[in-house]
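First to last, the sequence lines map onto chains A and B.
Mapping the first sequence onto the numbering used here, position 33 (from 1) lands on 33, and the numbers just tick up by one.
To convert, take the position in the second sequence, counting from 1, and add 78; that gives the numbering used here.
What the hints contain is simulated information worked out from the structure, not anything from laboratory work.
Among these hints, one or two may not hold up.
[What the hints assert, rightly or not] Cβ-to-Cβ under 8 Å is the rule here; a few derived chain B residues that face chain A:
1. 300
2. 440
3. 444
4. 445
5. 447
6. 482
7. 485
8. 486
9. 488
Every residue, glycine too, gets a C-beta built ideally from N, C-alpha and C.
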Amino acid sequence: MTRDNRAPAATPNPRLRVDAVACAGIGICAYLAPDTLTLDSWGFPIAPPGHLTARQLRSARIAAAACPKRALHLTRST
Amino acid sequence: MSAAGRRLLHAVDQRPEPPDSPTARILRRAGSRPAWQPVLLDTVAVYSAHDRTLLRGPRPEPLPAHHHRYGQRPRTSWTQGDRLLDLIESVGLTGRGGAHFPAATKWRTALNAGGGGTVVANGAEGEPASAKDTALLEHRPHLVLDGLSCAAEAVDAREAIVWLHHSAVNARRSLLAALRERRTGAVDTVPIRVTVGPDAYLTGESSALVRALDGGPALPTFNPVPAAVRGIGNRPTLVHNVETLARVALLARPGGTAQPPGVLLTVLADDELRVVEAPPRATLGDVLAKVAPDRPATSAILVGGYGGSWLPWDDAAHLRLTQLDSGPASSISLGAGVIAPLPAHACGLVETAAVLDYLHRSSARQCGPCMFGTRELADRLEHLARGDDHHRAAIRKIDRLLDELRGACGLPYAAAQLARTALTVFADEIGEHLQRGRCSRPLPYHPLLPIPGRPG
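Pulled out of the complex, with its shape left as it was, chain A reads as follows:
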């Protein structure tokens, strides 16, 4: 186990949550954020379970802004 000597971040990065009710499976999110979202057998996005990495956060923001259904949410709540 490596020790992390850096000071802990004040707030962790947000999580990405998919509003499955709003999502219509258009799939543009997975195209714009391939490192963050994958599509399931029916073409609906699967978000990573934990907090996003800095790199994922950048692409997730782009995907959330591009979603025609406004179905992607960056949330700080658990």
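Got chain A; can you put chain B on it based on the hints?
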């Protein structure tokens, strides 16, 4: 036994213990610790499994009898509200609707979000094999209303609502009579009303009921912010199962922790739902021996209801309720407190397929992965049960499907949990179906588990 032998035994039985014998000391010590007593429900209430009508059981308890049994409800001013919240936290009270979310966490969130909101007592019991909420509402309406009032006062709510299924006629009647009694006694400080929703599995889902009480359809919704922060009318909304509130009512009373209530269970046997309060230290075997002693030989048991887990009976019989009743982290939970023994002559695979079909039909069809996934899962299990699908690859496909099931509410996860445990527990059964191409039970085989909307 000979007559002489019987006389001898009788004589031994009748012989008084000398006052200071070791046995007498042990008996005295056992006597000093009070034996476990039911607190919430002191008789077994029996309901029909098909329409949840009362077959045998106690009547609604009127207010004077309620006060005689439990004492008056203390007012929960905000200092006492804090004390009550600490108490709820220290005893680790969790949501009895099935999710076992810590009640104190929800409560604190609502408090921090400010007052002027709503508290909802959720009595819309969606789980087809559960009747414990119905039993509480029909027999102890005042205890549920006491808890609702305490919660409403503690979070400074403006209104309190009891949410029921449309068909829960007896529960509604018992509540309305109780509210009339309370109005003359001025028991409640926050106005309480009783509201009903459609008779559907999802009506009692907390986001669905918040949406319905806010003027929308009674269907689940995705909330980036919890209802405890922003719910009905954009105000903090606290949704608690009726049993959770009954427990709050007991805790609020002076000395409320002295005699903790047991585990409220619904046992599904012989087309009956038997509601019983069981001692927490009891094993599943103890419970069934007491509540359903005449049942046929048991091969497996469904724990936690239709979204719960199948367990092989030989292992499960020795499990204590405390081992199962351990919060959201445990993979096998009592859920809303449902246990259903499966007779050895029944086919677990066909039963599971019937329940999955019910869950798929109950889906709100709002979320793609549930709309397609729960349906595909139900279809695949049905094919497997009928023996249409002879290929072992079918099992692998089901495995992959289980990981992809998800949605805004618990329904797809419930379906996945039931199917996942069925694949393990009924592995032999499934092998036989694959080999023979049909069920090994005499055909036609009709599922024993009651499915709403299907003749019994």
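Hint check:
Annotation: residue 300/B was flagged as interfacial toward chain A, and the flag holds, the nearest CB pair being 4 Å apart, inside 8 Å. Interface restraint check for residue 440/B: the shortest CB-CB distance to chain A comes to about 16 Å, outside 8 Å, so the restraint is violated. Interface restraint check: residue 444/B against chain A, minimum CB-CB distance 5 Å, threshold 8 Å, status holds. Nearest Cβ of chain A to the Cβ of residue 445/B: about 4 Å, under the 8 Å cut. The hint holds.
Taking 8 Å as the C-beta contact cut-off toward chain A, the hint placing residue 447/B at the interface holds, the least distance being around 5 Å. With 8 Å as the threshold, the beta carbon of residue 482/B comes within range of chain A, its nearest partner Cβ sitting at about 5 Å, so the hint holds. The interface hint given for residue 485/B is met, as the beta carbon of that residue sits about 5 Å from the closest beta carbon of chain A, less than 8 Å. At a threshold of 8 Å, the smallest CB-CB gap from residue 486/B to chain A is about 5 Å, leaving the interface hint in force.
Checking residue 488/B against chain A: minimum C-beta separation of about 12 Å lies over 8 Å; hint violated.
Against the hints set out earlier in the document, violations occur for numbers 2, 9.
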